[in-house]
Amino acid sequence: MVRVGIMGLTGCSGCQCEILNCEDAIGKLIGKVEFAYFPLAQDVNDFSEFDILFVEGSVSTNLDREKLVKGRERTKILVAVGTCACYGGVQSQRNDEISLDEMLKAVYGENKLDLEVFKPMPLSDVVDVDYELPGCPLDKRQFVYTVASLLNGVEPFFPKIPVCHECKLSETDCLLLKGIPCQGPVSFSGCGAPCTSAGVGCQGCRGNCDFPNFDEILSIYRDIGLSFDDSVKFLKVFRGKTISGLKVGFSDEKGA
Amino acid sequence: MDFHIERAKILPKSNLWGFLEGLKGVAPLIAPVERGNKTVFSEVNDISDVTINYTRTVLPPKKFLVPYRRVRFTYSTGELSFSSNFKARDQIIFGIHSCDLHGISILDSVYLKESPDPRYLEVRKKTVLIGISCMPDDYCFCLSTGTAFPDGANWDLFLTDIGADYFVSIGSPKGDELIIELKELFRDIEREDLELYKRSTRKKKEAFRDKKLPDLERISQLIELEYESPVWDEEAKRCLSCGTCTNVCPTCFCYTSVDVPDFEGKTVKRVEFTTSCQYPYYSLVAGGHYFKPTRTARFRHRYYHKLVGYPYQIEKLGCVGCGRCSAECPAKISMVETLIKLRGADEKESGKATEQTSAGRSL
Chain U
231 MVRVGIMGLT
241 GCSGCQCEIL
251 NCEDAIGKLI
261 GKVEFAYFPL
271 AQDVNDFSEF
281 DILFVEGSVS
291 TNLDREKLVK
301 GRERTKILVA
311 VGTCACYGGV
321 QSQRNDEISL
331 DEMLKAVYGE
341 NKLDLEVFKP
351 MPLSDVVDVD
361 YELPGCPLDK
371 RQFVYTVASL
381 LNGVEPFFPK
391 IPVCHECKLS
401 ETDCLLLKGI
411 PCQGPVSFSG
421 CGAPCTSAGV
431 GCQGCRGNCD
441 FPNFDEILSI
451 YRDIGLSFDD
461 SVKFLKVFRG
471 KTISGLKVGF
481 SDEKGA
Chain C
860 MDFHIERAKI
870 LPKSNLWGFL
880 EGLKGVAPLI
890 APVERGNKTV
900 FSEVNDISDV
910 TINYTRTVLP
920 PKKFLVPYRR
930 VRFTYSTGEL
940 SFSSNFKARD
950 QIIFGIHSCD
960 LHGISILDSV
970 YLKESPDPRY
980 LEVRKKTVLI
990 GISCMPDDYC
1000 FCLSTGTAFP
1010 DGANWDLFLT
1020 DIGADYFVSI
1030 GSPKGDELII
1040 ELKELFRDIE
1050 REDLELYKRS
1060 TRKKKEAFRD
1070 KKLPDLERIS
1080 QLIELEYESP
1090 VWDEEAKRCL
1100 SCGTCTNVCP
1110 TCFCYTSVDV
1120 PDFEGKTVKR
1130 VEFTTSCQYP
1140 YYSLVAGGHY
1150 FKPTRTARFR
1160 HRYYHKLVGY
1170 PYQIEKLGCV
1180 GCGRCSAECP
1190 AKISMVETLI
1200 KLRGADEKES
1210 GKATEQTSAG
1220 RSL
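Residue numbers (the numbering used here), protein chains in the order written: chain U, 231 to 486; chain C, 860 to 1222.
It should be emphasised that the hints constitute simulated quantities derived from the structure, not laboratory data.
Every residue, glycine too, gets a C-beta built ideally from N, C-alpha and C.
Each hint should be verified, as a subset may be incorrect.
Unchecked claim - Interface residues of chain U toward chain C, partial, derived using beta-carbon atoms under 8 Å:
#, residue
1, Leu259
2, Ile260
3, Glu264
4, Asp360
5, Tyr375
6, Phe387
7, Ile391
8, His395
9, Cys404
10, Phe441
11, Ile447
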């Protein structure tokens, strides 16, 4: 039987809950696969070996790191689930603005911590990751599709097309044209554009689409009245280190 | 003067709702309806939802001919057999503007001219297209593309607003049958109606008088000759590659497909979905090579395909001037502006719309 593990590092466990919400799929999976390790959902867990290991959360302590390295050694396929695991998540949005010492001081004052901590980072900074399913939380349909594909030895296919694709095909008003800040044109789709169809600008929780045009999106934000600093902060919320190279100035390099 | 009375009828405006109700009795009715600030084509249950005076829908009626996401077939890995539950249904699409009818005619050429797509053919056979006249807004440039008025024979009925009545042109036997079915709603044409009908053509043309229109004479040649123009870079700089322009286009037809297995691995669905040449992965092939590696290359590709590729393929421009790509672009990139820039200084001399009649590609 295929052994599956689902574990969490530093994060809100929302993605694990979302996996639990895939009730129909889990019902079908039980009997096909063995949930060897899923501490959020079951009492008896075994961390010895896996065929597929899903990891949620970012790596921010030595405990996270050790667990992840161990998990990597013991699994054939490792899948990062959720934006924290894929890009570092909201907790890493200011990584490049402030030192670790300052962060610790602001939160813990002079208290000493008895574990090693570092700036939150994505799994791929520590180990090799086979597949990434970003999203805050991850998309249920994508999880089910990935599991079904992996169980049958099929490579899951995730074209990194922008959220505008799904937004436009659902005939939603373009929020940018209405003057509402939206990250749709630079964000990775797959969510079905639920935010924009509810009138809320895309927050970019699934990270970058392929070769995002940040110059243009910043200029659109400027035109609708956002300052440059606010625009950059807005874009950084979920993108973690994937945006650290944000430069202003048009470049038409490969794929750009 | 003699004219074939069965080629056209008059529908008094007060009978329009009766007409729609009648259509709904014949087959499921799809018509423009308001949604938020926009208009969309949607199946209607209550004809009072139908909106008659709209400028453009977000998506063209294409979505009822070629769905944006569709299952091509399911195959069983055990029996190695294919199955499909595709079934075209009868449908009437009401309220299509002339540009969109031309868009469908282009799709017809693409899908049916060489090795016809049997599914598209079946859907088309079961679909009745009823057009309606319209007036342009600032994004429309159908006068340049020669699509401001319906011609050809791919539609069934076309309603032209002539004041108190609609002048209903009959484009096909299917359209004729509908008229016969609902004949008590119509009256015969009189000389006066024909005069009003002729005048309505001039009225629409005049509405373009102060609008910026691109000159599309010899546009295919021009685009080929200006392949290296810096205009492409300038415009592409602003392009977000979001694919909106192609997703809302009435003539774009590119799609990709992916095989989705079920958990048991017993059946696999082949799902096709719309894609866009503006996405980098569109031109990505095995080995990581991008055929359209730069934003400029992708941006230019769309214009090139619409204005050079289609003419080679189907002898028509691939643009019907509906203005959707410009109206919906988050970066406000305008097809008209790009073409005017490409054409350069002599555009100023080519003058305003009044002298223009239709596109006419003169190669």
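Which of the listed hints are broken here? 2, 3, 4
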